[in-house]
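Each residue of the sequence shown is one higher than the one before, counting from 0 in numbering that gives the first Met the number 0.
Just so you know, these hints were derived from the structure itself, not from any lab.
Please note that a few of the clues may not be correct.
Unchecked claim - Under the rule of at most 27 Å between Cα atoms (straight-line distance), these lysine-lysine pairs were calculated in the DSSO-like manner:
hint	residue 1	residue 2
1	K179	K232
2	K82	K14
3	K179	K252
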Amino acid sequence: MLNIGVLGVGELTEKIVIGLRRSGFSGRVLLSPRNNDRARELGRLWACEIAQNNQSVVDDCDLLFLGVRPEAVEQLANEVQLKPEQTLVSLVAGMSIGELEHSFPNARHVRAMLSYAAQINQSTVVVTPGGQPHESLLGALGSLIVIDQEDAFELATVAACMNGWFYFFLGDLQEWFTGKGLSHEQAAELVMGNMQDCLTSARHQPHVSMEVLGGRIATPGTFTSAGLEKLRKNGAMLAWRDACDEVFARMRKDV
């Protein structure tokens, strides 16, 4: 039975543990003592063990999740000695496999990107490189995408940032509706419902471009077309592209 360990118990690693348990994973889950309150809650609700220290997590596990912030990696690397070919799945954004190899020599390095929807097994999960056992393990958390080229993985990481932006975008739309008199619940249902309608339609027609799908609705003279013209005039579309460029540059350390 595979045993997994978590080095850095935070929001995302918590969601991963919950999703794995929901998927039926029954192996041992060992948590680092960092963020002890969260670790204790995971232990109580999801049958996890809190290790005495980080090296204990390494020693007793086959696969490790690295969930610390980038600035904490060096300190952690000085605390632990990984086993030869031990699988280390890094969730540290912007840290390349080369950098991971420098910090944790002899380990087998994997980078993963996923969202908080992992806790309900509905996340888009991107990994590089592919292989086992991490593909089977992470595939249980949602829809798995395996990418062999690390540059392409960086692009996929930009999509993870979009996941966070979408909440603010939807929140602003919801606030507009509530400002016009709808209840919080009605506004949320309208905003999320229409977003879901869009996604469902696009998934049903995967060979039709997003622009074509939108154009079928925003035909000349319609209210949709009028609103789209205003968005474009105010640079709404360009702002999203600029945000993506900014994140991608930071991922590649161009800034």
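Checked hints:
1. About 24 Å separates the Cα atoms of K179 and K232, which keeps this hinted pair within 27 Å; it holds.
2. Proximity of K82 to K14 is assessed by CA-CA distance (about 26 Å); at most 27 Å being required, the pair is judged to hold.
3. Restraint check for K179 and K252: the C-alpha separation of about 43 Å exceeds 27 Å, so the hint is violated.
Checked against the numbered hints given earlier, this structure breaks only hint 3.
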